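Participant: Starting from the two chains in their separate frames, assemble the complex, guided by the hints.
Note that the protein sequences, when read in sequence, are chains A and B.
Position one of the first sequence corresponds to residue 1 (full-length UniProt numbering), numbered consecutively onward.
Position one of the second sequence corresponds to residue 1 (full-length UniProt numbering), numbered consecutively onward.
No lab work stands behind these hints, which were simulated from the structure alone.
Hints are not guaranteed to be accurate.
[What the hints assert, rightly or not] Restraint ranges, calculated between C-beta atoms of paired labels, are given here:
hint	chain 1	residue 1	chain 2	residue 2	range
1	B	N435	A	R25	57 to 67 Å
2	B	E143	A	Y306	52 to 62 Å
3	A	I202	B	G675	35 to 45 Å
4	A	I202	B	P239	26 to 36 Å
5	A	Q96	B	A585	23 to 33 Å
6	A	F26	B	N435	39 to 49 Å
Keep in mind the model is a prediction, meaning the values are calculated, not measured.
Ideal placement from N, C-alpha and C gives every residue a C-beta, glycine not left out.
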Amino acid sequence: MLIRREDGAGGKYMAEFLKKHIISRFGDNRLGEISLADMDDSSDFDGYVFTTDSYVVSPPIFRGGSIGSLAVCGTANDLAVMGAKPYAMSLALIIQEGFKVSDFEKIMNDVERWVKELDVKLITGDTKVVSANVEIIANTSGIGIRNSALDHNISVVKEYRDYPYNWVRDCGLREGDAIIVSGCVADHAVAIMLSREFDFDIDVQSDVYPVWLFVKEALEVGGITAMKDPTRGGLANALNELAEKSGVGIYIEEERIPIREEVKGFCEVLGLDPLSMANEGKVVMGVVEDMAEDVLKALHKAGQKYAEIIGYATSEFEEVVVETEIGTKKVLPPPTADPIPRVC
Amino acid sequence: MYRITVRGIVQGVGFRPFVYRLAKSMNLKGYVKNTGTGCVEIVIDRNVDEFIRRLKEEKPPIAEIHEVEVEEIPDLNFNDFVIEKSGGKKGGLSLPPPDVALCKFCLKELFDPKNRRYLYPFISCTDCGPRFSVAIKLPYDRENTTFNEFPLCDECQKEYWNVLDRRYYAQSIACPKCGPQYELIYGGRIIKGLDAIIRAAELIDEGRMVAIKGIGGYHIACITDDDVVFKLRDKLGRPQQPFAIMARNLEVVRKVAYVSEDEEREMTSYIRPITVLKKRNPNEFFAVAPYLNTIGVMLPYSPLHYILFNYLKSDFIVMTSANKPGEPMYIDDGVFSLELDAYLRHNLKIHNRVDDSVIKFVGRRRLIIRRSRGFVPKVIELKGCLDGLAVGAELYNSITLVKDGKAIVSQYIGNTANFKTFNEFFKRAVDFFTNFIDLKPKYIACDLHPLYNTTNFAERLSRKLNIPLYKVQHHFAHALSVMAERGIDKAIAITVDGVGYGFDGTIWGGEVLLIDFERGTFKRVGRLERFRLIGGDLATKYPLRVLFSLLYNAKRLDLLDGYEKYLRKGESFEIFESFHETGIATTSMGRVLDAVSAMLKICFERTYEGEPAMKLESVVEPFECEVKPRIDVVREDSVYSKPYVDEEFNVKSGDVRVIRISDFIANCMEEYLEGESKSKIAYKVMKYLAEGFAEIVKDYNYPVVASGGVCFNSYFIPLIEEHVDVYVNEKVACGDNGISFGQAYIGKFLNNL
Ligand SMILES: [Fe+3]
Ligand SMILES: [Mg+2]
Ligand SMILES: [Zn+2]
Ligand SMILES: [Zn+2]
Numbered sequence: 001m002l003i004r005r006e007d008g009a010g011g012k013y014m015a016e017f018l019k020k021h022i023i024s025r026f027g028d029n030r031l032g033e034i035s036l037a038d039m040d041d042s043s044d045f046d047g048y049v050f051t052t053d054s055y056v057v058s059p060p061i062f063r064g065g066s067i068g069s070l071a072v073c074g075t076a077n078d079l080a081v082m083g084a085k086p087y088a089m090s091l092a093l094i095i096q097e098g099f100k101v102s103d104f105e106k107i108m109n110d111v112e113r114w115v116k117e118l119d120v121k122l123i124t125g126d127t128k129v130v131s132a133n134v135e136i137i138a139n140t141s142g143i144g145i146r147n148s149a150l151d152h153n154i155s156v157v158k159e160y161r162d163y164p165y166n167w168v169r170d171c172g173l174r175e176g177d178a179i180i181v182s183g184c185v186a187d188h189a190v191a192i193m194l195s196r197e198f199d200f201d202i203d204v205q206s207d208v209y210p211v212w213l214f215v216k217e218a219l220e221v222g223g224i225t226a227m228k229d230p231t232r233g234g235l236a237n238a239l240n241e242l243a244e245k246s247g248v249g250i251y252i253e254e255e256r257i258p259i260r261e262e263v264k265g266f267c268e269v270l271g272l273d274p275l276s277m278a279n280e281g282k283v284v285m286g287v288v289e290d291m292a293e294d295v296l297k298a299l300h301k302a303g304q305k306y307a308e309i310i311g312y313a314t315s316e317f318e319e320v321v322v323e324t325e326i327g328t329k330k331v332l333p334p335p336t337a338d339p340i341p342r343v344c
Numbered sequence: 001m002y003r004i005t006v007r008g009i010v011q012g013v014g015f016r017p018f019v020y021r022l023a024k025s026m027n028l029k030g031y032v033k034n035t036g037t038g039c040v041e042i043v044i045d046r047n048v049d050e051f052i053r054r055l056k057e058e059k060p061p062i063a064e065i066h067e068v069e070v071e072e073i074p075d076l077n078f079n080d081f082v083i084e085k086s087g088g089k090k091g092g093l094s095l096p097p098p099d100v101a102l103c104k105f106c107l108k109e110l111f112d113p114k115n116r117r118y119l120y121p122f123i124s125c126t127d128c129g130p131r132f133s134v135a136i137k138l139p140y141d142r143e144n145t146t147f148n149e150f151p152l153c154d155e156c157q158k159e160y161w162n163v164l165d166r167r168y169y170a171q172s173i174a175c176p177k178c179g180p181q182y183e184l185i186y187g188g189r190i191i192k193g194l195d196a197i198i199r200a201a202e203l204i205d206e207g208r209m210v211a212i213k214g215i216g217g218y219h220i221a222c223i224t225d226d227d228v229v230f231k232l233r234d235k236l237g238r239p240q241q242p243f244a245i246m247a248r249n250l251e252v253v254r255k256v257a258y259v260s261e262d263e264e265r266e267m268t269s270y271i272r273p274i275t276v277l278k279k280r281n282p283n284e285f286f287a288v289a290p291y292l293n294t295i296g297v298m299l300p301y302s303p304l305h306y307i308l309f310n311y312l313k314s315d316f317i318v319m320t321s322a323n324k325p326g327e328p329m330y331i332d333d334g335v336f337s338l339e340l341d342a343y344l345r346h347n348l349k350i351h352n353r354v355d356d357s358v359i360k361f362v363g364r365r366r367l368i369i370r371r372s373r374g375f376v377p378k379v380i381e382l383k384g385c386l387d388g389l390a391v392g393a394e395l396y397n398s399i400t401l402v403k404d405g406k407a408i409v410s411q412y413i414g415n416t417a418n419f420k421t422f423n424e425f426f427k428r429a430v431d432f433f434t435n436f437i438d439l440k441p442k443y444i445a446c447d448l449h450p451l452y453n454t455t456n457f458a459e460r461l462s463r464k465l466n467i468p469l470y471k472v473q474h475h476f477a478h479a480l481s482v483m484a485e486r487g488i489d490k491a492i493a494i495t496v497d498g499v500g501y502g503f504d505g506t507i508w509g510g511e512v513l514l515i516d517f518e519r520g521t522f523k524r525v526g527r528l529e530r531f532r533l534i535g536g537d538l539a540t541k542y543p544l545r546v547l548f549s550l551l552y553n554a555k556r557l558d559l560l561d562g563y564e565k566y567l568r569k570g571e572s573f574e575i576f577e578s579f580h581e582t583g584i585a586t587t588s589m590g591r592v593l594d595a596v597s598a599m600l601k602i603c604f605e606r607t608y609e610g611e612p613a614m615k616l617e618s619v620v621e622p623f624e625c626e627v628k629p630r631i632d633v634v635r636e637d638s639v640y641s642k643p644y645v646d647e648e649f650n651v652k653s654g655d656v657r658v659i660r661i662s663d664f665i666a667n668c669m670e671e672y673l674e675g676e677s678k679s680k681i682a683y684k685v686m687k688y689l690a691e692g693f694a695e696i697v698k699d700y701n702y703p704v705v706a707s708g709g710v711c712f713n714s715y716f717i718p719l720i721e722e723h724v725d726v727y728v729n730e731k732v733a734c735g736d737n738g739i740s741f742g743q744a745y746i747g748k749f750l751n752n753l
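Same shape as in the complex, but just chain B (with noise of 0.2 Å):
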């Protein structure tokens, strides 16, 4: 006979009664059961190689199989196969799937007028439907999730605790006459069941704004009519941000966007992300990715959504999560204040909130740009690493705990530097988490900037547990979360963003860190050349700031003659001049984008996170061209003795290369003045970074790794890829949604150190 261990997700996935099918199809005995270890154990009596290949290909959608282990055991006795009772102590990790699209039984169930979930829009099996948006605690049972109002009726008991039906133990299970529904709220009046959906789909049809309830929370849905998408921008306060679209299939997909297979793979798979694709004609869905070349779109993924659709006359769809600027997204009837023209609720509890997940792919790489639904609470092995808490940064934020060697990524929290956001998601995140994996946290890591209200927070938390605090430097905890999904402990890294706080107080964004936990080497080995941010955030806000700063340093701010009327009231570039010694310096990548973005008089102000470095983007043409990057060599404070700030922290100085940038920029702006298109000296501008990085990271005989925002970028990476092979985020986000994962691999080390 034959024990088989098998490792991954594989507990409340619908595993068991999988392979209890397999094993009787094969004709074989034995047991399957679950160990307290999180694993599934199956014992058969032959034919194993064939079983395990099957086990592998068969499996379902959402199990993943990390390690099979096969061992020979002594004959027993099994006159037949059965699924044995959950063996062992309660131990080991073991969460609930996340949240899968529609499965394809289901969908055909779903149309079929015969079945008698014909139309119903909660139905689900042991392969899809809600999962970690309906868990309240562990263990992952029925009871244990806001399905617990919702008795079965006697038809779903059936199929509930019938082995060989496809429904088996399905938490998520619902019909008609048992499970939620919804209601339409609309002028007064309520209408009920299907009613509710086919008249919000006239009303969307006839452009009216819908709230809909789904599985992680509202949407606002509206048609993609430029009209109608403005008066939303107006009421939502987004005057320029992009929009989500859900499209009615993939077909229609491709009559707008192209789609490659890598991307039709991932917008079909169950994660079903918004998938931000480019546009065929970047003039079209104006209002929708206002002077974006590309759109994200998403495919229906809950029964609801094939409903609406089979009622709509629409193919596309406005899918916008539903909230004001910068504040989670509503799950309850708080969504009323937005005062839209309907709502499609339901009276199934949504008790974690996930936004939709954003994905973008650069060549074939994927990039995770919100890790959300689909992913959470998928855990991320992180093998040695100690039990604790990471806080992460301040936008796009998410949290991440380690227990058992094994990281969860929490969803998307978002803006903490909004209140709402801070105190009702990301606090009631910590302690959702920590309480649901019952985690006792040996330290706390959090971001080094000491404004972050996740940093304050960190600091109340830690002296409350009474456990040591680690501040993670932002660009090292960029670094760290692609080494923790590498596992590797050494790494030559380049971290490209917007803003992070650096051990010199300065703002960091275009840097090369040398990371080596075995050596303790933490060195700031390259930089971008320093200058002002005038105003701090103002220019953020504003890039004229930034570009009169890079112009200050090449001495050509007469190239500015002509641009004081993108000033706003009250400024001058003589008051600019005059103050500019008091903005804090900085190295940030983001800022130089949005300078360019300024100078190319593509974007004046930021109304959104990434906006002039976006449409900038959305202009490049590449071409053949020589760059030839300039790179000093300066001597300073650059070698740390640690990636964080704790009691010891010290520094040392060190050589650093200087990637020169200011002349660069004011030779473009000269080129661009006497004529050159936008889209070449953008284009160039992406290569001369590029290259710079490629040339200061390919003498090290080291991993090279990227990550911050400006990865997601369609050109940089690629660039720097035609000198030297670069690895960048593939499970997290690579922009500050995965930061946290990153602080919390400083657990690995802590020991070591």
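Looking at chain A on its own, in the form it has when it is part of the complex (with noise of 0.2 Å):
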């Protein structure tokens, strides 16, 4: 058998794929409360907590960032939705010789940008020259730290119920949570696939952002009980994980989430789905019932003015279902990788 590309496309087949040959020898490797097998966005030690991802995107630069911006907010935004304040990254690329020398400079500027916004350190790295047909991948790695405003977040689950753990984790959602979404969903997709071939006469940029910035600010007023930064896979992915992580189904109301109107009319064309579409600034997140609005409104002061409630965690089952604007209900199932044609 050959490796296929469905293995490492972000949805049930790469689950499927990594439980198989990777898990099984390292599932219970642990240093913290968090072990490998449990595939929570970062893996935790001593107070800190650790994640590590690779970007391959083509073209490396498109509306609004590139490869660079990618590498630092998409780290970045593993530790953040542990709670973490990013704090350590390193960064490791590997080019394609012949990569224009301009290029490369764009990309940098957005590594700097970010890392300077996030007031994070760049403090170590490594550089490959090849001949393969890569453009150009990036790996980074981050460390995140603890700090008061998670602290405070998990102080205030605690006045309504256990919370076990000690980082926001995608297991914490329990029935009646409300789920927010911190912004509109599958700007990212929508702005690569328009980058490349398609001749499409509308305005979308990526949303390619480090969610620190705000998740700050929601932690700072309490309650959240589950984070997930919804990237390959979209919304669908992150709220069924949230969802069979944590042992609960999920209610969504469809006209709840917010998508741009250009963005849903492009897809609406193309028959994609936007709840499986990547985003790369956005969170996804549960928060005890009660403070949901309060979370709402330091979500929406802090710059995320399309955050929005869509819907609630349930133990009456344990799917994601979503209901539709005309009313009907339909289980929004983990996305394999590319969209599927089911209708007979």
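Facilitator: Next comes the structure, spelled out in structure tokens:
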């Protein structure tokens, strides 16, 4: 058998692939409360969280950013959704021989911009130039630290119920928690497609952004029980992971999910599901019901003006269920990789 | 003396009292009893040949005799013939019969003013009445049905315990004194008893929409006038999907539709399915079945229907299941959310929802479109098959359970993509049936499609029960469903439908599969030319996209000049071209027919499953013509280690014969644009495809089987049969309603592979 594209596409197949070949060997490795098998966004040790991520994107410079902005924000976001403040970072690059220096400079400008914005220290790195047809591949690892906003958040959650975790985990969602999404979905994926071949006359930019800048404000209000950044596989993947790991169902009202009109129109014509499409500057979170409105206000105040409560967790079923605008309910399945037709 | 063992559907159908009455009339001595294994054992002293002949000829209508075994035994002393207590330990599979239409004896009593059940809508006997729909658990006894809320009055008690009465031990027995009652909720008032039915009939005749609770769920009834039906369409959000109608009797049906002898036999059988008939005038019943030359008709089957027609002026009424699109039919007061004019309901609980079954004849072949009321829970023999559970695919779904070499295919469940259907019908059916027959499955079978709710459900359940999960490829499952009916383990299969997830991650739907379990051969030996579904599911909804892809393959996009006006807002052929490559590849025959439907300007939007292809079928007119299918051979991954995916699944390459279609479609379009008639083009397309498949299968020395929704087409299989004989499903649907049955058949081979 050969490794298939789906085995690394961030969906259901990749989870199966990882379980079979990697988790089976190292699954119980852990230094703190989070093991590799937990497949949370980061893992912890001694009051820190640690994560790593690689970035491949074509084209490497796109509407609203570049692989440089992805490399910094993406890894920082995996730390931030643990409630950790991004603290230190590494940057490794694999560059194809012949890559334009001017493009490389643009990418480094983006790295510099977000590193500064986040006040994170880029303290180690590596560079290789190869002849393989890769354009440019980036890898960043990141370390995040405990902070008072996180501690406050967890103490607020504990006013409502037991919360046996030291970080904001993706298994922390419970029945009744409100589900908040921090802004319009699918912008990143659409921007990338528009940056490729399609000649569509709409202006959509990637949403790539370090979410810590607003997550911090939300943590300071408190009551967040679970968080994920809906990157590959989009909102659908993030919600399914939250539901499965937490052992609850999630009920979503489609009309409350913020989506730009032009993104909707684009997806409509191409037959794409915006709920399965990637974001790079969004967070989906579970919040104890009583705190949901306050957290929402904090997000609005922190510039996330499209943030919205889109549904709640429930124990009535174990799927992610979306009520459509015309009132029918359908299951939002964990995406595979590519959209697959299903209608007979 | 002789001991006779009868196997088949012989328990719970009044078989023993029938045997008793027969033996008495022949002056025989001996006994009859149920065995613990679902058979009936009879001992008689003489005249065995005549007895068995009459046994077979005069058996109760729903009883089925599959096997009779006779054995001579030493003489025993009997003074009389008796019904003995059921013997032996409990075991085997003894299910209640399906729901049975009103029998002729009860019908006579129903309209006999002197009878105590005169005009009583719950009249029934040992031979007729609700069965599966009211069954809560086994054994099938009155206290285990929803009739348990209606204790028998003295008179009913007498009938129930009298062996010579035709209501002896009839679990559904009831009378006006002790049984369920109807009432009508209309305009804030409640009308009870017969008046409720009379008033409901008046309201329907006046053009109102009335919900009617029946045997297996609620129907919506209204007259068939266009304006009323269109109002109903608006209300339900079903702009085009045909509604079934109920007709007063066969005579009135004949006035509007052709009814063959075969169709008459089915329509008047105890199943009373909706039968798809050819309209005499295609423009009649326009609103009921828009742009179709067929209409789905059923005859009254419950006493209520007969009483209703007794008071109705209309000869035909729309009788469609009461539900929102994609959702299950209502069986309780949830129906009020439909906001109809009136509700005729009764107080007998429906434990198992059962939709009306739907059949269609293609030539003399009876095809089941929807297998439900009247069929379920009749078992289908699957000898040697391991106990297991198969959960089906997505649309038109059913589940199949196998126990002790017998398969039970559930009632029609429907669209499991809809959460309500999935959560409240599918999951409940899995629970109900596994408990009902106390199944301990050794494996679960599901579809290969990763996004189906049923697939995800099966994954969870197999983890929970810690039993293996086998993901059966959709078209192999279709093929297996015919093979299972015939008990064969090798075949060359034509599987043609709309969508099935293929082993290669593309969408299949026009395949020739070679299956040979003995040799472990599972090959895709033929297929249609691949084309792309631009925008995935959108291409299914808007068939012009598929036409575009086919013309793209043929490099004849120029033919689309003039079709721009049929595009939707925001679409353009330039956009299609620019992301054509991103569309997933398919070999779906359903989509090809859709494309032709768009090409002939018959249908540009699909509002219900199969719409473009059904409307296309309606214009076909056969004529003498020759077509020469082009078939190429390509080498590609097409040899599979198994018909399903499990841990050890692997693929090898092999030769595949590909039926080229795009050039042919482009030529057809050219002819059409030059003035050739739609009917002829439509026929030529069917012929081209049929000959293409026939060409591939005729070289194999294997039985030819065919399955998949395209087999419902009136022309496709008959055209293939001009060249080779074909087996199509007879016991389950050849569409996705029969998929679970095919999936279950792998249970026969799990040990040998
Ligand atoms: Fe199918
Ligand atoms: Mg990550
Ligand atoms: Zn009867
Ligand atoms: Zn009574």
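Participant: Next, verify each hint and record whether it holds.
Facilitator: Do the hints match the structure? See the list:
Remark: the range hint 57 to 67 Å for N435(B) to R25(A) is contradicted by a beta-carbon distance near 40 Å. Checked against the hint of 52 to 62 Å, the C-beta distance between E143(B) and Y306(A) comes to roughly 59 Å, which is consistent with it. Separated by about 42 Å at the C-beta atoms, I202(A) and G675(B) satisfy the suggested range of 35 to 45 Å. For the pair I202(A) and P239(B), the beta carbons lie near 31 Å from each other, so the given range of 26 to 36 Å is met.
Taking the beta carbon of each, Q96(A) and A585(B) are about 30 Å apart, inside 23 to 33 Å as hinted. Taking the beta carbon of each, F26(A) and N435(B) are about 41 Å apart, inside 39 to 49 Å as hinted.
Figure legend: structure checked against the earlier numbered hints; the only hint not met is number 1.
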